[in-house]
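Trainee: Quick mapping for you: the protein sequence lines, in order, are chains A and W.
Just so you know, we're using the numbering used here here: the first sequence kicks off at 1246 and counts up by one.
Just so you know, we're using the numbering used here here: the second sequence kicks off at 2 and counts up by one.
If you're looking for bench data, these hints aren't it; they were derived computationally from the structure.
Among the hints, erroneous ones may be present.
[Unchecked claim] Some chain W residues flagged as far from chain A (calculated, every beta-carbon gap over 12 Å):
no. : residue
1   : Glu17
2   : Leu20
3   : Thr27
4   : Leu47
5   : Ala54
6   : Asp55
7   : Lys57
8   : Ser59
9   : Lys61
10  : Gly62
11  : Phe63
12  : Glu64
13  : Gly79
14  : Ser86
15  : Phe102
16  : Pro112
[To be verified] BS3-like mimics (lysine-lysine), calculated; alpha carbons at most 30 Å apart, straight line:
no. : chain 1 : residue 1 : chain 2 : residue 2
17  : W       : Lys61     : W       : Lys78
18  : A       : Lys1323   : A       : Lys1260
19  : A       : Lys1307   : A       : Lys1256
20  : W       : Lys57     : W       : Lys69
21  : A       : Lys1328   : A       : Lys1289
22  : W       : Lys69     : A       : Lys1289
23  : A       : Lys1328   : A       : Lys1260
24  : A       : Lys1323   : A       : Lys1307
25  : A       : Lys1316   : A       : Lys1256
26  : A       : Lys1289   : W       : Lys57
27  : W       : Lys53     : A       : Lys1289
28  : A       : Lys1323   : A       : Lys1289
29  : A       : Lys1260   : W       : Lys53
30  : W       : Lys61     : A       : Lys1289
31  : A       : Lys1307   : A       : Lys1260
What you are looking at is a predicted structure, and each value in this text was computed from that prediction instead of being measured.
Heads up, the beta-carbon is just placed ideally off N, CA and C, and yes, glycines get one too.
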Amino acid sequence: EAGVAQSPRYKIIEKRQSVAFWCNPISGHATLYWYQQILGQGPKLLIQFQNNGVVDDSQLPKDRFSAERLKGVDSTLKIQPAKLEDSAVYLCASSPRGGRSGYTFGSGTRLTVV
Amino acid sequence: GNSVTQMEGPVTLSEEAFLTINCTYTATGYPSLFWYVQYPGEGLQLLLKATKADDKGSNKGFEATYRKETTSFHLEKGSVQVSDSAVYFCALSDNTDKLIFGTGTRLQVFP
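Same shape as in the complex, but just chain A:
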């Protein structure tokens, strides 16, 4: 089966600019997650979707980050305006039945804010 697709692979922007990341999960996977992985740290959950509804966005900095999952398939994560500390790898993952069955991760988008 095709994996989780993410784009772009790399992005460099200046602080205060905006940026968007895209994720296409594995077909049929109801649960989709966005994680932020800062260099040298483990991934941290930003938001969890079940179909097109938000299950948990408690760790999402809502003053600058937003995410949507239209029609319960693709998802977009946006940052506006970006800060230097947003430099990280943004990982998308999907799962057919939530985390207990294991997630499939995309290759991630490496964001550098200068």
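Place chain W on chain A using the hints.
Mentor: Below, chain W alone, put in the same frame as chain A:
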């Protein structure tokens, strides 16, 4: 809250050496436990998992046993290869269906 603690890296070994990467967890209830691997420039890949106490997960020569009495899920491999060089993440999934990761342990294997 729920958390995962991993040993600090890097772990540096010669090829064919025995590997242990320690992982302990704090969680209420009965979490599922995972090891993920991240090769340079790539995304996270599920290495192995265990869903209940005393289960042993295994894959590609790696093993880990879910020990509820010691709240541990240590990763082991009898003979490492240069190609095993990567960052290894221990993680748990609780009843909220979220994966909570440790900080990762970098493994470097030299010929």
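Trainee: Now look at each hint and say whether the structure bears it out.
Mentor: These are the hints, each one checked on the structure:
1. Glu17: At about 29 Å from chain A, glutamate 17 of chain W clears the 12 Å cut-off, so the statement holds.
2. Leu20: Leucine 20 of chain W clear of chain A: closest Cβ-Cβ about 19 Å, beyond 12 Å.
3. Thr27: holds (15 Å)
4. Leu47: Violated, since 5 Å does not exceed 12 Å.
5. Ala54: The claim holds: alanine 54 of chain W sits with its nearest Cβ about 15 Å from chain A, beyond 12 Å.
6. Asp55: Nearest chain A Cβ is 17 Å from aspartate 55 of chain W, so the label holds.
7. Lys57: Check passes; 16 Å lies beyond 12 Å.
8. Ser59: holds (14 Å)
9. Lys61: With a cut-off of 12 Å, lysine 61 of chain W remains clear of chain A, as the shortest Cβ separation is near 15 Å.
10. Gly62: holds (19 Å)
11. Phe63: holds (15 Å)
12. Glu64: Holds: least Cβ distance 17 Å, greater than 12 Å.
13. Gly79: holds (24 Å)
14. Ser86: holds (17 Å)
15. Phe102: Non-interface label fails for phenylalanine 102 of chain W: nearest chain A Cβ at 3 Å, not farther than 12 Å.
16. Pro112: holds (26 Å)
17. W:Lys61 <-> W:Lys78: This hinted pair holds, its Cα atoms lying about 9 Å apart.
18. A:Lys1323 <-> A:Lys1260: holds (14 Å)
19. A:Lys1307 <-> A:Lys1256: Measuring from Cα to Cα gives roughly 21 Å; hence the hint holds.
20. W:Lys57 <-> W:Lys69: holds (12 Å)
21. A:Lys1328 <-> A:Lys1289: Given pair lysine 1328 of chain A, lysine 1289 of chain A holds - Cα atoms ~17 Å apart, limit 30 Å.
22. W:Lys69 <-> A:Lys1289: Judged against 30 Å, a Cα distance of about 24 Å means the pair holds.
23. A:Lys1328 <-> A:Lys1260: holds (5 Å)
24. A:Lys1323 <-> A:Lys1307: Holds. Lysine 1323 of chain A to lysine 1307 of chain A sits at ~10 Å (cutoff 30 Å).
25. A:Lys1316 <-> A:Lys1256: holds (26 Å)
26. A:Lys1289 <-> W:Lys57: Between lysine 1289 of chain A and lysine 57 of chain W the Cα gap is close to 26 Å, so the pair holds against 30 Å.
27. W:Lys53 <-> A:Lys1289: holds (24 Å)
28. A:Lys1323 <-> A:Lys1289: holds (16 Å)
29. A:Lys1260 <-> W:Lys53: violated (45 Å)
30. W:Lys61 <-> A:Lys1289: Holds, at about 27 Å.
31. A:Lys1307 <-> A:Lys1260: holds (17 Å)
Checked against the numbered hints above, the structure breaks hints 4, 15, 29 and satisfies the rest.
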